[in-house]
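*Asks:* Take a look at the letters that make up each chain.
Protein chains: 2
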Amino acid sequence: MDKMKRAERMVAAMQILMSKPNMLIPLTVLAERFGAAKSTISEDLLALKESLQCTGQGRLETVSGAAGGVRYIPEISQQEKDLFLKDLAERLSVKERILPGSFLYMTDLLYNPTILRPLGLIFAGTFREKKPDIVVTIETKGIPLALVTAEALGVPMVIIRHGNKVTEGSAVSINYVSGSSKRIQSMSLGRRALESGKNVLIIDDFMKAGGTSLGMINLMQEFEVNVVGLGVLMESLTDNEPKLVQHYLSLLQLKELDPAQGLALVTPSPEFI
Amino acid sequence: MDKMKRAERMVAAMQILMSKPNMLIPLTVLAERFGAAKSTISEDLLALKESLQCTGQGRLETVSGAAGGVRYIPEISQQEKDLFLKDLAERLSVKERILPGSFLYMTDLLYNPTILRPLGLIFAGTFREKKPDIVVTIETKGIPLALVTAEALGVPMVIIRHGNKVTEGSAVSINYVSGSSKRIQSMSLGRRALESGKNVLIIDDFMKAGGTSLGMINLMQEFEVNVVGLGVLMESLTDNEPKLVQHYLSLLQLKELDPAQGLALVTPSPEFI
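Residue numbers (the UniProt record's numbering), protein chains in the order written: chain A, 1 to 273; chain B, 1 to 273.
Quick caveat, the hints were computed from the structure, so don't treat them as lab data.
Since the model is a prediction, treat every value here as computed from it, not as a measurement.
A hint or two may mislead.
Said to hold, decoys possible - Pair by pair, the computed Cβ-Cβ distance ranges are: (1) 80/A - 177/B: 47 to 55 Å; (2) 68/B - 184/A: 51 to 59 Å; (3) 163/A - 262/B: 26 to 34 Å; (4) 29/A - 186/B: 49 to 57 Å; (5) 5/A - 87/B: 29 to 37 Å; (6) 61/B - 32/A: 26 to 34 Å; (7) 102/B - 261/A: 52 to 60 Å; (8) 26/B - 170/A: 48 to 56 Å; (9) 5/A - 172/B: 54 to 62 Å.
Said to hold, decoys possible - Below are the EDC-like pairs computed for lysine to aspartate or glutamate, each with C-alpha atoms no more than 20 Å apart in a straight line: (10) 20/B - 82/A; (11) 165/B - 82/A; (12) 20/A - 139/B.
Note that the Cβ used here is the ideal one computed from N, Cα and C, for glycine as well.
Bound-form chain A, shown alone (with noise of 0.2 Å):
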């Protein structure tokens, strides 16, 4: 009867856990909700690390001391990755997706949450390292992008707006030069969205010039926070030019887009073949 009691705990105690990704749950709470030993918890969550790297759902991290406990941190593994990405340069890579203006259609998979999960977690898993506190994106395709990102990493997320907004409050708005239709738009940011300081990782749809990226850059730099990342879902390359940005991580690479022939080719960033 023992070992049923562990089972129950354990499967209790991973549901707890997944159900709310990278938030600290003392192993205090843990031993009270199940009337059992720390030392006990400790055992089980031991198991449940172990089952984790088996089927690759992601990681207990423990952090010791008072204020310490455990969380779960859901990670995509190699393969699945790998895997996805292939799958998706594919779903993209057909000529009904192309449009007139020679854009690709691509609004479907970008809305939908089984897409979006693994690409939250992909990003994740590229940018933890370098400690993001906050996603910051800008309207409007980019959003559900920017917020599975952030919910991965456990942070919160901002939304640069086109123009200036009444329910923002005050805000910081800078001029910025689409780098592809060369027009000259506004962007803004209410003030007490970002605290100065602070860890940024900024996560867009699309890449063609790189003027919207360069634009948040810039408008980050009136926030005074550390820009850590820049991520996009895809980056074209159909015209050859250099970007007006160089850090950054695309997932995927638009190589050509031939309205005429009907030709539509999507590939994994290099990084991820």
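With chain A held as given, fit chain B onto it using these hints.
*Replies:* Chain B in isolation, oriented as in the chain A frame:
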């Protein structure tokens, strides 16, 4: 040793199910993965179901037949829901949140995954029985809310845009009168974003007069879909005027907002008290 194996198997099954919420996983997949008989897996799942009832972190749904399997449905308990909404209402009822023009600052909460996740579970739990196929919102502030609701329901999301966007392909646009500002605005949605006949759940962050919600309902009629629900995080009751839409659910109510007196009062809606 046999009991020990059972614990490992149950924990691993729980991990796999919880990391793919709402996804139907055939029993044969679990049986093969763990090298166990289907009847053994069925027994394990019964124990997992009981355990979930105790921790209140959701439930397992088994579907019988050839195309059957088991899926994890994330849920929030009644008690957790009540506490959460009460706490959220209190956090919003502070004078520091009052912005010029009588707006209440809430984007910090609206973009925070730890706040969003329970909100998504509450909306999903409320509307699941209406069997929505897709969640629809309008840019920008409602997007994170719509996404977590869609994820909790296991369905995709679509985003209505202001104006017309080149990256969406051919689109349907309508004009609508924003109920509070009385200004005529336009909203549009790409033709390929929604199939006719689908059940649509509309989610938004805030309702004042209801003009935007009415616009979304009208746009949905153009797509010949069924609006099965309309949920907003907060409705304003400060002007005592009837709303332009009738059937909707709000989680919170803004009862008073008086910049002169520095008074903001938000409470959970009566259904949630």
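*Asks:* All hints, please: hold or fail.
*Replies:* Here is how each hint holds up against the structure:
1. 80/A - 177/B: 47 to 55 Å: For residue 177/B against residue 80/A, whose Cβ atoms are near 48 Å apart, the range 47 to 55 Å holds.
2. 68/B - 184/A: 51 to 59 Å: holds, 58 Å
3. 163/A - 262/B: 26 to 34 Å: holds, 29 Å
4. 29/A - 186/B: 49 to 57 Å: holds, 51 Å
5. 5/A - 87/B: 29 to 37 Å: Holds: the Cβ-Cβ distance is about 33 Å, inside 29 to 37 Å.
6. 61/B - 32/A: 26 to 34 Å: The hinted range 26 to 34 Å holds for residue 61/B and residue 32/A, with Cβ atoms some 31 Å apart.
7. 102/B - 261/A: 52 to 60 Å: holds, 56 Å
8. 26/B - 170/A: 48 to 56 Å: holds, 55 Å
9. 5/A - 172/B: 54 to 62 Å: With Cβ atoms ~59 Å apart, the hint holds.
10. 20/B - 82/A: holds, 18 Å
11. 165/B - 82/A: violated, 32 Å
12. 20/A - 139/B: Outside the cut-off at roughly 28 Å; violated.
Of the numbered hints stated above, those contradicted by the structure are hints 11 and 12, listed in ascending order.
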